[in-house]
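So the chains spell out like this:
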Amino acid sequence: MWAMIVKEFRQLRRDRRTLAMMIVLPVLMLVIFGYAARFNVSSIPTVVVGPDARPVAGALPTPFHVVEVDPTAGRSLAQSRLRDGKDVVAVVTGPGGTLVLLDGTQLFSVQTVRATMARDAPPGAGGSQAVAVQILYNPNLTTSWVMVPGLAGLILVFIGTLITSLGVVRERQAGTLEQLAVMPLRPWDVIVGKIAPYLIVAAVDLVGIVVVGMVLFHVPFVGNLGTFALGAALFLLVTLGMGVLVSTVSQNQGQAIQLALMLMMPQVLLSGLIFPVASMAPGVRWLAYVFPLTYFTEISRGVMLKGTPIGALWQPLGLLAVLAVVVLGTAVLRFRRDLAPGARRHRAPDGPGPALPA
Amino acid sequence: MRFGDFTAVDAVDLALEAREVVGLLGANGAGKTTLIRLLLGLVRPTAGDVELFGAPPSVETRRRVGYVPQTLGLYEDLTVAENWAFVTVAFGSGRPPLPAGIVDLGDAVVGSLPLGIQRRVAFAAAFSHRPELLILDEPTSGVAPLGRARLWQDVRETAEGGAGVLVTTHNMEEAEQCDRLVVLVDGAVAAAGGVAEVIGDRTVIEVGGPQWRLAYEVLDAQGLSVQLHGDTLRVPGSAAQIEDLLAPSGLDVTVGEAPANLEEAFVEVVSARSARRDGTAVRP
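As you go down the protein sequences, you meet chains A and B in turn.
Letter by letter, the first sequence follows residues 538 to 895 in the working numbering.
Letter by letter, the second sequence follows residues 37 to 320 in the working numbering.
With the rest of the complex left out, here is chain A:
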């Protein structure tokens, strides 16, 4: 038994990736997720409109963060800003009283607002006017409504990153990638032929998830299908790129699974799917902005629940497009080198000697 234990430790010592996963990763995750896992929201973007906008805005306590005050505007502007994701709270002042509009897709923010209003003087309570509260887009604050659009993205990450990387690595391990390289196929034929089936499967999966979400959980789909499709397509390209990228740096399926999980786990907790991005510590928040799921969650929630138009989603769509170009481009270049070798590191297949750039 002792010999077995020693042997196992020796193997572990040489398997750097597993060792990193066992020692470094838990510590890293603890630190990162410790700063990310916060339900309390300290700053809530707020717009105040109507004749009394200025005094009301001045009287709003923390965590209301007034980003826009427009005494000439009314409810329509306030509601469009909520729809476009610019604000979470809109305070509409007027002679008949004050109306507080809340974006129901931001569960934790709404709960924070409610708690604040119950504890402190409610917005507009400087006078004797009544304050009405209306929750938009998710009036009952149903958790599944908020989760389903984000979970759809998470499932696409699973298929795009893990399944794709396994598919490519399996080809490499079996030696069939080399066979593809000697066939009269252009590298692009192989790359597109390899990725396209996963793209199609993931797209079908996405449709299935959304339909099941609508039927089973009554999640609404009030926005434009084309905008949603565009966001999903860009997001899929990024996740597929991540999958191919993982496969190009993995020698076997075990390594691919390890790496894919390292990419998937942080996205679950840092993308805003569970914890609001705004409440994360600044040192961790930037990680959220690196992951594509953050942007897809914003798009899918916006389109499905609020009907956010494409113009208001240019930022997440644009950033997804940039990520798609960078990630998929890098992945394709690396994969292409496997198929049409250039200046990459080779190891003698039937002889000793260290690798050298060819």
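Heads up, some of the hints might be wrong.
Stated by the list, open to error - Dumping the calculated EDC-like pairs for lysine to aspartate or glutamate here, alpha-carbon to alpha-carbon at most 20 Å:
id: 1; chain 1: A; residue 1: 731; chain 2: A; residue 2: 708
id: 2; chain 1: A; residue 1: 731; chain 2: B; residue 2: 118
id: 3; chain 1: A; residue 1: 731; chain 2: A; residue 2: 742
id: 4; chain 1: A; residue 1: 731; chain 2: B; residue 2: 113
id: 5; chain 1: A; residue 1: 623; chain 2: A; residue 2: 607
id: 6; chain 1: A; residue 1: 731; chain 2: B; residue 2: 112
No lab work stands behind these hints: they were computed from the structure.
Here the structure of chain A is known, so what remains is to put chain B in place on it, guided by the hints.
Relative to the frame of chain A, chain B by itself:
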């Protein structure tokens, strides 16, 4: 082609005629697989150029080549027919029917077949587009004797059909089935020609007689490469050298000269080349 300080392939010129089976012979690490990978364009040379059919490896040259790697390159989770369909379409050969030798295996999943059959399928797939050059990397590795015989029958029929066949092997019995041999040592051609030409006038010393077992111990203790054929020992060197080594023991043995076989010639070629590289004298 270099990997660090290690030269895997160095200035190799290889000519293959149609209908010819050429054996690329070499020990592990001699550069056989690297040479093939260079020819196929799977790796690029660290210096110099590689030409196949008079041009650098490209999509066009690949159309004229069939290749069976050691790993076979088949999709084990697909059936024989599905593998065949993929390869034939990829090479633009249309949808030809499965060849006679494997036609009954169409529905069999490749991974469920014995290795010998898998190699036959890989061989058929590599030849599906009727290439001018067929490259086989250790084609009979791990295959039972009957399977080996069938594979060599396929190789011979392919050559007779007009293709040139390049086979890497370190199996001497198989090497003897080739029309011509190219012996690679340290990435360079150390000998080339038919079996008789590679052997040349090389000889070995045969040691026989009632005390051959004791003679074996003496010669083996001297670090010589001693082979046992029946009750006769075969060792490299000259009769005088062997007699000198055995004399102190006073054994009752006979010492005589005999023509070397291919394996013995190969060992001598490799030893001589390695000795030249290391700057040492060749041991008898």
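Just to be careful, I want the Cα atoms of residue 731 (chain A) and residue 112 (chain B) compared with a cutoff of 20 Å; is the pair within it? Holds, because 17 Å separates the two Cα atoms, which is no more than 20 Å.
Measure nothing beyond the straight line between the CA atoms of residue 623 (chain A) and residue 607 (chain A); if it is 20 Å or shorter, mark the hint as holding. holds (14 Å)
What's the verdict on residue 731 (chain A) and residue 113 (chain B), does the C-alpha distance respect the 20 Å limit or exceed it? Measuring from Cα to Cα gives roughly 16 Å; hence the hint holds.
Check whether the Cα positions of residue 731 (chain A) and residue 118 (chain B) lie no farther apart than 20 Å. holds (16 Å)
What's the verdict on residue 731 (chain A) and residue 708 (chain A), does the C-alpha distance respect the 20 Å limit or exceed it? The hint holds at about 10 Å.
Residue 731 (chain A) and residue 742 (chain A): Cα distance at most 20 Å? Status holds; Cα separation ~18 Å.
Every hint, counting from the list given before, is met by this structure.
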